[in-house]
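Asker: Place chain Y on chain V using the hints.
Chains as they are written, first to last, in my numbering: chain V, 1 to 392; chain Y, 1001 to 1392.
Take these hints with a grain of salt, some might be off.
Here are a few chain Y residues that face chain V, going by a calculated C-beta distance under 10 Å [stated by the list, open to error]:
1. 1238
2. 1247
3. 1309
4. 1356
5. 1359
6. 1362
Since the hints were derived computationally from the structure, they do not count as laboratory data. In this text, a Cβ means the ideal position worked out from N, Cα and C, and glycines have one as well.
Protein chains: 2
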Amino acid sequence: MGGEAASAGMGVTELFQLLRDGVPRTRAQLAKSTGLARSTIAVRVDELMRMGLVTPVAEAASTGGRPPSQFALNPGARVVVAADIGASHATVAITDLGATILAERTEPLDITLGPVPVLTWTLETALALLAEAGRPARDIAAIGIGVPGPVEFSTGRPVNPPIMPGWDRFDIPGWVRQHLDAPVLVDNDVNIMALGERATAWPGTEHLMFVKIATGIGAGVISGGQLLRGAQGVAGDIGHVRVARGSDVPCSCGNRGCLEALASGPAIARELRGQGVDAQNGNDVVDLVKHGNIDAIQAVRQAGRDIGEVLTACVSLMNPSVIAIGGSMARVGEHLIAGVREVVYTRSTPLATEHLSIVQSSAAENAGVSGASMLAIEHALSPAALHMLVTA
Amino acid sequence: MGGEAASAGMGVTELFQLLRDGVPRTRAQLAKSTGLARSTIAVRVDELMRMGLVTPVAEAASTGGRPPSQFALNPGARVVVAADIGASHATVAITDLGATILAERTEPLDITLGPVPVLTWTLETALALLAEAGRPARDIAAIGIGVPGPVEFSTGRPVNPPIMPGWDRFDIPGWVRQHLDAPVLVDNDVNIMALGERATAWPGTEHLMFVKIATGIGAGVISGGQLLRGAQGVAGDIGHVRVARGSDVPCSCGNRGCLEALASGPAIARELRGQGVDAQNGNDVVDLVKHGNIDAIQAVRQAGRDIGEVLTACVSLMNPSVIAIGGSMARVGEHLIAGVREVVYTRSTPLATEHLSIVQSSAAENAGVSGASMLAIEHALSPAALHMLVTA
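Okay, chain V solo, but in the shape it has when bound (with noise of 0.2 Å):
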């Protein structure tokens, strides 16, 4: 067919689509996975390295002297701010393109002082770490933030989040770029754990659910490589399906009977409470546990029985291939793990089951950053971004 260029860099989106995996390739290479003609690569691949997105990578058996003819993604081209913003903690972070953390905060912080004061603490401490890793704002391809409450992804806006007074509708990326100029993805802190999770220990799984349980219980769901968002932003919400166990329990959401009602960290306090055990909150629990509380141990596989039963229905529904259990309730161990097996692998059907593997986090503290890492990542190098890279 032939005939001239389209448009301005057309073919360098798809050649750096391929390089941004990291792995080394020649120009023949990249040639043949693209189709484009060697000629055009030599150009496409010039018009990246003078953008500074990809390097020359030695050959293992260079011979010196010879030009460099393998090339790949330059992960320090760029960096990106990452946000894990909790109730009552923020972490901030300054990444490179490829995820390794350059400069990195955790600081006690209250969601309830609203969005001015947390993202003003939040902008602060991301110029703060930019300089303490020596970068200037203008490397930042993209800020990640992750905030504790249900999100309109396609604007960044919270959207009636029940423990985040004040935030409701708050335009956050609006607010972020009056200060930096770069683009904002905002997600649900559940949803970006989930691709903390799969990035840190899980690279290729298409079917993962992230289950954090802690002071309340949500998901993040992978299915078929994509983050589940769910038309209000509320995918994930399983805190509040009833389980058979608990139904005269009273839950904050005015039901009763809500798995977040009986197997929380503190519904486990209580109910050991009740047992006359000393147990004001969920870090006691895990401590109890620690110390082997013969009724600590007891109610937290419970609890984990509790979750399991809603995990059947999600496993069905599903078909993950994996389930990672993290927040700070996870920090007890096998007990929880073990109660939470015993319920899926007895009433999930045996195909849901024959290669599901039910986990401790791996990535633990750090799913959150390290997922508001990769949203940003994900964004700074989809064909989009580059696209207005390149037509700059």
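Answerer: Quick look at chain Y alone, frame taken from chain V:
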């Protein structure tokens, strides 16, 4: 930037992805949307017209004599074969690229005959219908097939299908392509029903669950615009989730208290027989309800509540905007759906149900074949398929 064209037909697929929605556009509109030069647009539109995929569209206020200035997809350019193979019946149709049915046939067909007899009938019927529609076999752009069991979508092979003896790992696409040279897409029947329901009644909806209630109970889930298939192709298999009411009712799967053992057509009939009502199967239940039998109405309403109990977990996990209830038992009408709504709206969080519609399937018996057609059309109009056409 500029430089010579990179690969054959570059820009054609981009252009076609715009035009495939059937909305007429001018060359100027196409240039604006794609960023391609006007001169390139002219060449590319001519190519698509030469392939027959795009056709000039007369303007409403045309002055006559002027060259055509608007273009759109030509739905009659090619056809697809759509087959919905159920447990005891099969429907085959020929549709155009706009999913309009050109010829259709439904006949009793026993899936347990095994793959070769069933697929032979399907193929012969497709060829007869093609002749009826006056189209040659070379016009077939793709073939979509739904079967009543789990399918590994990437290979088109059924995987451990419980009611399809002889079909396990059978290479359906390979067999069909020995006789017809076109891409073959195979999926689970409830998945294609979800596609068909969306195409028929909810175009543009990104989060839809189709629930089939018949001899078995299963769901097809579209989230973020994508059909969810799961790691083993068994996503949506909600029939064996336990419901609270039925902890002692045995199920064919070996467990007790499964949704299917309580709320499927045969299960409701069994329960009615236990009350002395003459109901041998789901069809009898439907007839009884239509004649106003109070016992049958109450049993159906309770089945709806049981289904609602499982759907509550699905709503929390997926946050859909539509749940469509289909399958042969949906013919009982509002009594079943009222039970579903009663539980889902009581038990789910307000945010997840605020904009949730729970409705009877509009596509009804046509959902399967309409979805098989959509599956084939989606593939036929995809960038990859078009690229092959352009470079052929």
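Asker: Hints first: check each against the structure and report whether it holds.
Answerer: Outcome of the hint check:
1. Given the 10 Å rule on beta carbons, the hint for residue 1238 of chain Y holds: about 5 Å separates it from the nearest Cβ of chain V.
2. Annotation: interface hint on residue 1247 of chain Y holds; nearest CB of chain V at approximately 8 Å, less than 10 Å.
3. For residue 1309 of chain Y, the shortest C-beta to C-beta distance to chain V is roughly 8 Å, which falls under 10 Å, so the interface hint holds.
4. About 8 Å separates the beta-carbon of residue 1356 of chain Y from the nearest beta-carbon of chain V, less than 10 Å, and the hint is met.
5. Interface hint at residue 1359 of chain Y: violated, since its Cβ lies 15 Å from the closest Cβ of chain V, which is beyond the 10 Å cut-off.
6. Here the hint on residue 1362 of chain Y is broken, as its CB sits about 19 Å from the closest CB of chain V, past 10 Å.
Consistency with the previously given hints fails for numbers 5 and 6, ordered from lowest to highest.
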